[in-house]
Amino acid sequence: MCAETPLLGADSELRAVIRTATERQTKLCLRGSGSKDFYGGTGPGLAVDLSHYRGIIDYAPEELVIVVRAGTPLAEVEAVLSEAGQMLPFEPPQYGGGGTIGGCIAAGLSGPRRPYAGASRDYVLGLRLIDGRGQSLQFGGAVIKNVAGYDVSRLMVGAMGTLGVLRDIALKVLPRPRVERTVCFACTEPEAIVRMNRWAGRMPALSASSHADGVLALRLSGSAAGVNAALRELGGELLDDAESYWRSLRDQHNYFFTQAEPLWRVSLPPTAPPLKIPLPLMIEWGGALRWLVGDLDYAAVQARVRGLGGHITAFRGAPRNIPVFQPLPPALEQLHTRIRDVFDPHRIFNPGRFCSQQESDHQR
Amino acid sequence: MLGLNQDAVINPAQRRRLVRALRAFLPEAAVLHTEETLKPYECDGLTVFRALPMLVVRPTTESDVCRVLAICAEIGVPVVARGAGTGLSGGATPIGNGVLMSLAALNRIIAIDPLARTATVEPGVTNLAISQAVASHRLYYAPDPSSQIACSIGGNVAENSGGVHCLKYGLTVHNVLKLRVAMMDGTLVELGSAGCDCAGYDLLALLHGSEGLLGVITEITVKLLPKPAEARVVMAAFDTISAAARAVARIIASGIVPAGLELMDHAATNAVEAFAHAGYPLDAQAILLCESDGASDEVDDEIECICAILADCGASTLRVSSGAEERLQLWAGRKAAFPAIGKLSPDYYCVDGTIPRRHVADVLQRIAALSQHFGLRCANVFHAGDGNLHPLIMFDAALSDEVERAEAFGNAILMLCLEVGGSITGEHGVGLEKLDAMCAQFESAELASFHALKHAFDPLGLLNPGKAVPLLHRCGEVAARQRQRRNPQHTNLPVF
Ligand SMILES: Cc1cc2nc3c(=O)[nH]c(=O)nc-3n(C[C@H](O)[C@H](O)[C@H](O)COP(=O)(O)OP(=O)(O)OC[C@H]3O[C@@H](n4cnc5c(N)ncnc54)[C@H](O)[C@@H]3O)c2cc1C
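These protein sequences, in sequence, are chains A and B. Under the numbering used here, the first residue of the first sequence carries the number 1, and numbering increases by one thereafter. Under the numbering used here, the first residue of the second sequence carries the number 365, and numbering increases by one thereafter.
Since the hints were made in silico from the structure, they are not lab data.
Now the stretches of chain A that chain B is said to cover, found in silico as 3 or more residues with beta-carbon under 8 angstroms:
#1 198–206
#2 223–236
#3 285–294
#4 303–311
#5 321–333
Quick list of the computed label-pair ranges, beta carbon to beta carbon:
#6 306(A) to 479(B): 16 to 24 angstroms
#7 682(B) to 235(A): 35 to 43 angstroms
#8 259(A) to 440(B): 54 to 62 angstroms
#9 378(B) to 329(A): 32 to 40 angstroms
Here are the simulated lysine-lysine pairs, DSS-like style, with alpha carbons at most 27 angstroms apart:
#10 591(B) to 172(A)
#11 587(B) to 699(B)
#12 591(B) to 699(B)
#13 707(B) to 403(B)
#14 587(B) to 172(A)
Remember, predicted model here, so these are calculated numbers, not experimental data. Ideal Cβ placement from N, Cα and C applies to all residues, glycine included.
Chain B on its own, in the form it takes in the complex (with noise of 0.2 angstroms):
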């Protein structure tokens, strides 16, 4: 996986063409292609993948997306969209011989409109700005990923990001109305409306998640939810992973919908107390975050149901917030995951993969015994309500082989994910991290229609080629490889 070559050559003449090219329209600072300048953009927030792109180019209107589109068709270079570079799946690495185009200078918010409860805007919004301009309307953006202070909206449509909230609220592609998008030739389409439907296939929700390579987003219109009047949450303690996952589902079962539940695991619980000090039981096997949120008599009814089944359920330590400082303070350890296993370990790679919820305890106990096999240490946060994993795999990359162990234990995890039931992928995307994983989720006839897809909104192959969907040979070449190790193929379960 790391093996890919990302520094093809760079073509000196036809640097210099599109440089003056796209300085005919655009300021001097927008266009970058000084090594020193190129550096910022070497890679995402997966930062095992690096390489310089040809140039950088930083457009500030929509317009001017779309003619760099187009010069970069007519010429025939790629084109890698960025937002904030916050990805964890490479999807925003440069391509060595090809153009980056930040979006971060589209950061405009073009209209909020109270009453309809939507608001439109660039795709450098950051997706915490939007519910900070909304909020004297008592009104806010749902999906809140864990980088929502640096995030670009448009790379969370580009990967159909989700957060804390989302099980409540939904995922990006559940919040966003409308969008524009350059096509690589530079042509605009809308799709969507400010209503709830349009004619013709749901293009919208294809973009979704679709990582930059169909096509690049320069307008979202978002959905704005009424703020709940009260959010409590309840922090609960287990001595058993399995305890703390038949609560979940007995949660679920009862008929509520918290609007967060949150799993960590002891390795995870003792990180980020020692980081973020939110007053978590050290000896916990497993600690449960619970959210209800709405209008004030309801939480209340709500708080005491989930605190009954947790206590049922066997939980060692009940806390409940009573303002909204505990709660912050309750969510703070969560939110400081990432932060506080770096902290521990030179380097951590943050897994992503989902699993049907019941399967969550067998899951977790079979990390822990590949943490074992591979000799690395493993935290695991875990968006538990829907069924989502972080294991964070703890290495150091200046260890002779840490970084292609880490890799292996990461991959036997996404295979396990696959074996129940699962997906490679939740939330973070495919980018280049995970073409391998691709070939075992996906027959090569659905691959192949990824492509065609593909083909069908940019048929020049220019955005953001090599990305998220595997070639089928690279599928025959990982088939191959793990044949010759005599570890059969995991033969691609049937999810229905």
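One chain only, chain A, in its complex shape (with noise of 0.2 angstroms):
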């Protein structure tokens, strides 16, 4: 689909590509490692090879912020965090082991600690970007706290790149904890739905809950007094070699992951009841993540889940008639349109990654 593939350092070769682009009225996809090209809608474009803007701008412990070019690759920001004994604390996917920071906020995804430290918006604090006109802008800041104009720096996560090209991003980082522990009990869905959002609400100790095949996995972090503590109160059976069990379902390396596609995510309520689909089930986040594999009636499952107050993503290998993301009440994609009109006139990024209507009623 995509074209050859320019290598793009300088913000003056970006600009220029932007600038054919809007001249020749052609479309530019926007990619880090690659690593999440099966995620998103697919268009026509010239791919944009991003991962040479890499390095680590500023980085000082103390401040907890890290400064990093959008190039730079995941387990590089990972491994310079850890040496510091710091950590990225929405845990993001490396999926294939790979990963920019740029697509790794672009794509907006979070890994088992979500539900319990937050998503990766609530660590951007600012960034830096290359809009369709071609223009650096600069939003937020590499401070805790700022107010001074629209959150403009959040908007841009998860947004898959149709707003602009991240290039400098300013992320508040967070002490590992000192240890972490993993307990597994043997419980059906329904109560394992229960037990994961009770525990929530007693235990701050709660890093990370999942449930799949009748185990409930339940993660505690935190100093060895507060882990303890909880494990004291939680009883459950102590799980080994927890690390890579949490990084298989953070990196969808598996078995659950692996089996079969379609892979779809269903994001709901984190107390919504079980949705009753014969498939392969696996629980995350508490209750507000439910992965499913293989063939599903989707309009059916949709209506289902948005009756539930939540939304369902054709994850990997869906069929290509099927939305991607689930499409917008008119009232919102009226105003995701305008949106896309401030930043994006052109439609020069990432056409049909993202929410659909936004290209194809647009001329300009």
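Hints given; two lone chains; assemble the complex.
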């Protein structure tokens, strides 16, 4: 789908590519390391490799802030943080071991710690981007609190690159917990949903949860004293090698995620009842995330999920005729189109990758 | 800044028409238009800006909010939303030819879900009322602005307010799951979800800190947290600000994220001690309050580490709270900082700016020098954990040029924040107060995209117009004024 790949390091090169695309009315497919090529819709365009704009601009552990260029590999960022005993609290996935920080923020995905520590958007403090007019724009900053201007930085998180090319990103980071332990329990799905929620309301040490094949797993993080107190209260059976278990969920390389396609991501209020769809099921995020594998009746499930206050994403390998992201109500769709007009008036970036109608009804 | 004219001429015929249209579906008491009934709404917490609105409307339901907006949109009248009016940047200052819509009467708690740990409330509910309503479930709503007994949750969202416990538990934006928002044309949208995310752009985040310019918030679903079993605070006194600042950096670098980490300078300490008798040593140059919360063993361990670091950094006094009462007493001083300064001086101006923490000592020293330069006293309270400064400038509005001097002093502090890579506001917002300072923080293209975003939400430009984002020509004038003073304009320093 995407044609040849220019290597873009400097802003000036990127601006030139944007200018040319505008003049020739062509499109650009923005790409970091390509670890999330499978995610989102597809459209025509010239693939733009952004992985050459890399490096850590500033990192002072005692500030709890790191500023990085968007093409920096996630693994590199994590390694640097880890050396100082810190981490990206939202535990971003590294699919296939890859991923750049820019792609991570553009896709807005988070890992097992999400419901307890917050999402990628919660840790973005500021960023600089190049918009569809080729302008360099900077929002937020490298400080923890900042309410000057609208919070455009967070708007970029999860926008799948449709509002600009992310360049420099400032993130809040946190100390790594001193101790982590995971305990398992045998229980049914409805029981697991209730327990996950009940414990979340009692136990600040909770930092990850999952349920599949009749096993509920809970991770506890914090100081030795805090984790031990929680373990005493919880009981259950300690899981060895828990780190690799949670990593296999985060990066989706365990059996559940690799057994078949399509993979559906259902986001729900955490206490929503079991969906009762006869497909393999993995619950994460304290009940708020439910993964399903296999063919399903999309229209019926979407209606059901919507009715429960959630949304469904065709995360991986679904048939082309199914929208990747759940369509928005008309008032919101209109608002999305107008916001896209602000940052990408010529519809250059990632056509077809995100919400649908913004592209088609627009001629400029 | 203070010369801004808010008293646009009221068109009596338009006012009559509007009163008639609103009274068609609202009770008489919900539409105010006489001078004495308008007066209580003439300003928010930043009292230097005052204006009487054309009228005040106090809807009691979401659907009435929508109808009021649709009518105003049709007639072309601007609308300023107001929560409790405690804002400190003039965000809720009325517009002379506009409607002031008070959301205070939308004050119901709609639902509490203890299992899902959420509360759904109307915008006029006060911040503290939420925590009180869920206390029996051993839950609470974490962001705790000092104004929490009065400020509304709608106002908190509109300002993205912070509080002492935000270092560990996040700002308003981190603790709100879902909003219902009435657009200027009267349509309703739902942003966010009771789950962890929703389809589309993160408009939920965008509404936080939007200061009533994008939509009127009519319903808020907040996240609730389990009440920590234990909380203890350490008070440490230091002979120099830089020793206190070093202690702050060391605590954070050691891997502890305290539940609160506040610093007060000598002037602030003395003011609050006289007022609240918290037991702070009066000779200290800096007082640090550092709180730990969690399971009780965990708190014991953490307090021990914190005390070791504080002692190692040269703390001259160390006091650890040993019960709930002592903890409240130690906090009482910090919490009373604003009223205590109010006792010392006829007027005070609370500045709000943020800096990277590593510059604390240097910035506080330069603020002291500015205080001499402008001939005005200044006391500093500081959310040290997250780099949020609150210099309190003392002045007397009755004296000839003190208002202008206080303002110039405040502005100099903001420029200092920018110089070291910070921001002109950490939590109080831009409102009317910081329009000029915005010109220094942002380039024209960035300001233009803010205006375009507003236009995307409010094409008629009727929601709280003139606030939060300066017009580009205003920035041109600011630059020209500064050139005249032969004071080279602050060049926008890249933060990255
Ligand atoms: C003594 C004191 C201490 C304070 N301490 C803190 C503190 O620790 N931390 C902090 O962050 N702030 C603090 N503040 C500032 C202030 O309390 C907060 O900004 C608060 O969130 C404002 O809430 P409010 O209901 O009073 O809003 P208002 O002042 O009524 O309005 C503020 C802004 O929000 C808009 N708005 C209000 N309601 C809505 C709505 N429903 N929909 C859309 N827009 C709306 C208004 O148009 C305005 O722009 C303090 C103020 C005082 C007076």
